[in-house]
Amino acid sequence: MNLRFQATKARTSSLVLVSPALVLLGLLFFYPILLLFFTTLEGENIGNYAQVVNSGTSMQVFLNTLRIAAIVTVVDLVLAYPLAIYISRLSPAGKAIALFLVLIPLWTSQLVRTYAWMVLLGRQGPINNMLIWLGVIDAPIRLANSEFAVVAGMTHILLPYMLLPIYNSVSKIDNSLFDAARGLGAGAFSTFTRVLVPLSIQGVLAGVSLVLVLSLGVFIMPALLGGGRVPVIALLIEQQAGSFLNWAMAGTLSAILMVIVMITFLIIKFATRMFVRGRIDVAST
Amino acid sequence: MSHPLSRLKASEWLSRGLLSAFSWLVFLFLVAPLLVVVPISFSGGSYLRFPPDSYSVRWYETYFTSQSWIDATLLSILVGVVATILSVALGFLFALGITRGLRSWSGTLEKVALAPMIVPSIVYSVSMYSLFSDLGLVGTWYGIALAHTVLCLPFVIIILTAGLKEYDIDQETAAIGLGASRLVAIRRITIPQIRSSLLSAAFLAFITSFDELVVAMFLSSTFGTLPKKMFDNIRLQIDPTIAAVSVLEIVMIVIVMFVLLRMNKGKASRLA
Amino acid sequence: MPDLRNTSALKLESIRKTFGRVDALTSINLEVNAGEFLTILGPSGSGKTTLLRLIAGFVTPDSGRLAIFGKDMTMASAGKREIGMVFQHYALFPHLTVLENVMFPLEMRKHSRRDAADKASAALAAVRLDAFGDRYPKQLSGGQQQRVALARAVVFEPKLLLLDEPFSALDRRLRESMQREVKQLQASLNLTTIFITHDQEEALVMSDRIAVIDRGTIQQLGTPNEIYYHPRSITVAQFIGESNILEGTETPEGLRTSSGMLLRRASPSTSGRVLVRPEAIRITREPATGGATNQFKGKIASRTFVGGFTIYQVDVYGGDTLTVRCLADEGSMFEASQEVNLSIREADCRPVPQDAKDAGA
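Residue numbers (our numbering), protein chains in the order written: chain H, 1 to 285; chain C, 1 to 272; chain U, 1 to 361.
Calculated from the structure, these hints are not laboratory results.
In this text the structure is predicted, and so the values were computed from the model without any measurement.
Even glycine gets a Cβ: it sits at the ideal position worked out from N, Cα and C.
Some clues are possibly wrong.
Stated by the list, open to error - Partner residues aside, some chain C positions facing chain U, computed with beta carbon under 10 angstroms:
1) S133
2) L137
3) D170
4) Q171
5) A174
6) A175
7) I176
8) G177
9) L178
10) G179
11) R188
12) P192
13) Q193
So that you can see chain H by itself, here it is in the shape it has in the complex:
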């Protein structure tokens, strides 16, 4: 049973409670971001947009960023979905261990994880050693400093963000539904497509949205694992600001990246609404 305060009094006191955080977000988040947008539209800065659009390399970098983000998202989905199902069927103790294994990499510093991938993919790293030992290759090959390395590292770092929302929605599905589907004559495949997928679609879309949005802005992995060969927007922005001190251009690129991220986010929001319309709201119960 909920305490029903006197409505107005409660509203006022709650407003007092939420306002410090809102003031902080307003001053140190929304204001600077809006400022950035408006600055890029002021005076001569607006020309930067034309420059970006007309520059083949910049457009190439944007496309490259989107491509890498798409690859990472798809690979993570393929890895995470079966894993989520597997974890949801474990005993409580098994679940705890499994989530422990998922959360440790999530909570470990991105720099540590990136460094680990540099070791792993190094010329004298374990993967090269194993390939030589197996006789697949004769001499170490270059694994790091490549798009492969960037994608591998990003897939690793973002996997928990895909896994956890899917796991949340899968684990809420009542197991007896599968038995019921079987009992009603559905085979394994139709149980999967007609029961499991529809009931977990919200988690899948939440995971896809998180991974896609995060991978569009990733900086550390392309910077350290790409060896300068994997241009993405975040690197381009850092280069404009840090090396060329061209803050106006860095601002324009940031604004464009922000818009891309927001469009991506909204498309998935919209897709979620389409999928979930008329269906019992599984994820929020």
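Following the hints, complete the assembly by docking chains C and U onto the known chain H.
Relative to chain H, chains C and U alone:
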């Protein structure tokens, strides 16, 4: 899980076997890269070779005796602690507000507070640099701490809102009925009962700040936080000191996480 | 019986409360005597929970006055009212031990720890839980938790005790023993108690007086007997116990129902409605003898055996279907379709007023 009367068919055994084999490979993919760092950190030589030719603890010595590593670590701890205190304090009040009187608004307000999660850190860094350079806050540790507070807030709010929604508010009502003031009721009854959520939120806020590179890189000038020092080290001179630092961080995370998971008793997903 | 004094323990005058556009309470007047056990009885959504929270001080009224022992408390905060309350789900603090739970209100009143511990132990002894002080609420059974909640509510010698459906989570047998226990404790402390429930049986068992509340107003206030035998409205009659309500037109001989039954009554009335409690109807094989009764013939439509009682639905020839309740007797049960005689004493045909209007205090 399966119907008691249905006998497992061979195909079912096979699909289950495949699922678990695949899952353990994914677990390996998640955890193995972290383990690779351990032998490297005890390497005797200075070259990145796996497995190392000889073993020593010299890279741990290097870390603990290097003024610049220790300074960077202390700075990161300072920034992290301040960002944690601020974000947990503001986030707690915010979560109280949206779980109490503002029910109809709470959805919108929560979305507003979670917005920093979807803005790429590079975009936020460029924005904050412009603002802070006008205010003369670039190159101050508290400037970084303030920016980190913004980045920590969404995590804190998610965890505390979930914790407070599970909490039975009649408890607080009862305390007030028994003679406590609202403040005393919150301190003595509400906070102890959402303590594990508060600790999880604080931990997540701290590592969010402690690991954050891009904002710290843009907003610091001459000095650097630990992630910046690590980034420069990897980029410029890559030696196993970074592996020693990594192992220390992983050990710290594992210990804290173990404690938190014990306290949350299976509600591990709350920490995600 | 209530101990009448000049000042009442609790006095509500024209209390009104709306939430948004919903009228939760419309003009509540109620006076509770010191030492009295008063029950506020109503279905869910009747406003009884709002009324309770208003008395406790968690809600303030839009208008009206509330006084406790003569002192105006309309706007006083919950902590200032000196009211002990037992919540529906007890609201025991799970992170404090049983003893610490009971000590809590004393600590809030700045008792020393030692004094608080002594008083709390005594209160726990009164509910026979002195051996459980070091346990945590989770380690106790439902009935024990209930007793802790009770001890916590009375330990600081409150002026009023509020009980919010405290027995709803208990199973039947435990509920009955808890009811006795609460009643004894209340009597021994001579503590004015306001009890909220939707369970009419519970209300009849425990109360000195009952206030039946529905749609935000008190429909009737009276002793259990008055409420049961002289309901002032259809709502009350239907809510308390089971009832046969027969409607018709008044004739000089009595009430004639639309189906043609004639019910003679002990005293004349113009209400056009008659209430007959199912246990007031005698059911026999042969026509009953004896004066001042209404006699009907009918056929058993159905029979329900509920242990101590048997409930029959009887189709009266040329009349309504009546519910009849009689003591179960294995030897003489009636079968479906069997023809029976019903007799109702004239005094048991009670008039019910037409309008369900506010009965007030």
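Hints that the structure is at odds with (numbers, increasing): 1, 2
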